[in-house]
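Residue numbers (the working numbering), protein chains in the order written: chain A, 1 to 225; chain B, 1001 to 1076; chain C, 2001 to 2237.
Accuracy of the hints is not assured; some may be wrong.
Short, incomplete list of chain C residues facing chain A, as computed with Cβ under 10 Å [as the list claims (entries may be wrong)]:
id: 1; residue: W2007
id: 2; residue: L2010
id: 3; residue: F2055
id: 4; residue: M2056
id: 5; residue: L2069
id: 6; residue: L2071
id: 7; residue: V2132
id: 8; residue: E2137
id: 9; residue: P2139
id: 10; residue: G2153
id: 11; residue: L2159
id: 12; residue: V2164
A few chain C positions that, by computed beta-carbon distances, are all more than 12 Å from chain B [said to hold, decoys possible]:
id: 13; residue: I2043
id: 14; residue: G2059
id: 15; residue: G2067
id: 16; residue: K2072
id: 17; residue: D2073
id: 18; residue: F2090
id: 19; residue: V2104
id: 20; residue: P2114
id: 21; residue: S2134
id: 22; residue: R2141
id: 23; residue: M2188
id: 24; residue: F2203
id: 25; residue: S2205
id: 26; residue: Q2219
Don't read these hints as lab results, they were simulated from the structure.
The C-beta atom is built at its ideal place from N, Cα and C for all residues, glycine as well.
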Amino acid sequence: MEYLRMLGAVVWKDLVVELRTRERFAAMAGFTVLVGILFNYAVDPTVVDPQGIAAGMVWLTVVFGGMLGLGRTFHLEEDEGAFQGVLLSPIPRDALYLGKVVANFVLLVLVTALVFAVFGLFFGLSFGRAPGTLAAVVALGTLGFVAVGTLFSAVSARTTMGETLLPILVFPLLVPVVIYGVTATKSLLAGIPAAEVEGNLRMLAAFALAALAAGAILFRHVVEE
Amino acid sequence: MKKLLVWTAALGVLWLVPWGEVVAQTAGGATSPLAGQSLRGYTHMFVAYFIAWALIFGWVISIALRLGRLERNLKG
Amino acid sequence: MSRNLRWSALVLGMLGTAGALALHWMVFFWVPTERTMGVVQRIFYIHVPAAWVAFMAFGIVALASVGYLWLKDERLDRAAVSAAEGGMVFTSVVLLTGPLWGKVAWGTWWTWEPRLTLTLLLWFIYLGYFLVRSATENPERGKRFAAVVGIVGALDIPLIHVSVQFFRSLHPPPVVLKPEGPTLDSEMLVTLFVGLGAFTLLFFSFFLFRYGLEYARNQMVRRGTPSEVPGLSGGLS
């Protein structure tokens, strides 16, 4: 219980900071909408059927946009040396990591919802017959992405290369999320019944769980000095 | 006069030979799918073996160079 | 580099070289030519051993990294970085010989064949390992970060493997030829095993040399002349 309270405190702190500055959300939201506009000219929707490639467009936009926000997960604390203070507080390292993941997850789910809404509007997409399953696919995929991204954001923030290193570390690991997320989203957008993507959902859940466990265990080795 | 006849005959023979077919036949023989395939196969195989050993022995040579430099520094 | 280490490395290296010479004799003069793919199939006898060594090296990186984070023993970090460097070399061999084979056997330089794709991703994980290691001001921090990359990468490799297989099951490849061909003759199998043995011996020999190099570097650091140590943090310098 105490553990959850501390975890909640980290989530609350991060979300309040984000609510006050709106730095990361604004960057990601602006980026994704602009990518949508660029897609319209890069992939001529009068020639290519947008419904057929929407799944790939949405996921890649979320992944690229997410890198912007995830890369700055620890930026505020690194900047002012405030992370020492966070580390000195009696919060277990894994609670700190999971708190950061939850805060990033809330942020990224909002961004993903925005991407679906905006792309749906721009390209006249239909979201299939199982919006609940689609939401589950997106949520689990995002959770796995955030779990890996948050851990390596802590790594890259403390290297001399900084955020430029993050995609090189994260993208190879993200292949399962992209494969299962995109194929499931594609099926659902094409109106295939939800039961068909159950295997994808399980794999996305397995990835998210494994990533969360690995991150929670390894995080203290990243932040210790 | 004799010379001229010889040259004319020779040129005539050259002119009569169906070069198009000869070229087609010899070229066809040289680039029959099977022959091309196996020749290409050999080139690719030797290139692959060369690259593999160049990389592997390149690695050990680079280790030796780095080690030699360090050990000179440690002694000197 | 200690005498024991040097001798074991030399002995392993000589055994491996003998194995490699035997392998070449077998490949070029003894083993029968594969029926459907022809002579190019002989790339198989270095391609598969290189892949085996590359993945084994990654296993060593992961285990040594877990041990390093747990025990903070410098020797484990040295083992991890040595195996990672070897893994990168052998992964490169796989990635360069694979397309040479594919061009003749399948008619294309690159296919999204699951195992080839997995190896490419493995190469990039190794790349991340070395970038993280060399991009920190504090070498100890670099070692820890690299260990984290090695462990998470090793956990993810099975998932990537399953997912790329799944992806291929959705998109059948243009050619149904399996890289090994339908079955292997006993002579082919023997040649393959000689290749596996030779590559494994050579890997461990060079691994020990690399370990000695990392040891010498650490000694140099301890003597307090870090400015003269090339590639202090153990990047691919």
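Evaluated hints:
no., hint, verdict
1, W2007, "35 Å, violated"
2, L2010, "36 Å, violated"
3, F2055, "15 Å, violated"
4, M2056, "19 Å, violated"
5, L2069, "5 Å, holds"
6, L2071, "12 Å, violated"
7, V2132, "6 Å, holds"
8, E2137, "6 Å, holds"
9, P2139, "12 Å, violated"
10, G2153, "7 Å, holds"
11, L2159, "5 Å, holds"
12, V2164, "7 Å, holds"
13, I2043, "5 Å, violated"
14, G2059, "19 Å, holds"
15, G2067, "23 Å, holds"
16, K2072, "24 Å, holds"
17, D2073, "22 Å, holds"
18, F2090, "8 Å, violated"
19, V2104, "5 Å, violated"
20, P2114, "21 Å, holds"
21, S2134, "14 Å, holds"
22, R2141, "23 Å, holds"
23, M2188, "15 Å, holds"
24, F2203, "9 Å, violated"
25, S2205, "8 Å, violated"
26, Q2219, "7 Å, violated"
Comparing the model with each numbered hint stated earlier shows that hints 1, 2, 3, 4, 6, 9, 13, 18, 19, 24, 25, 26 do not hold.
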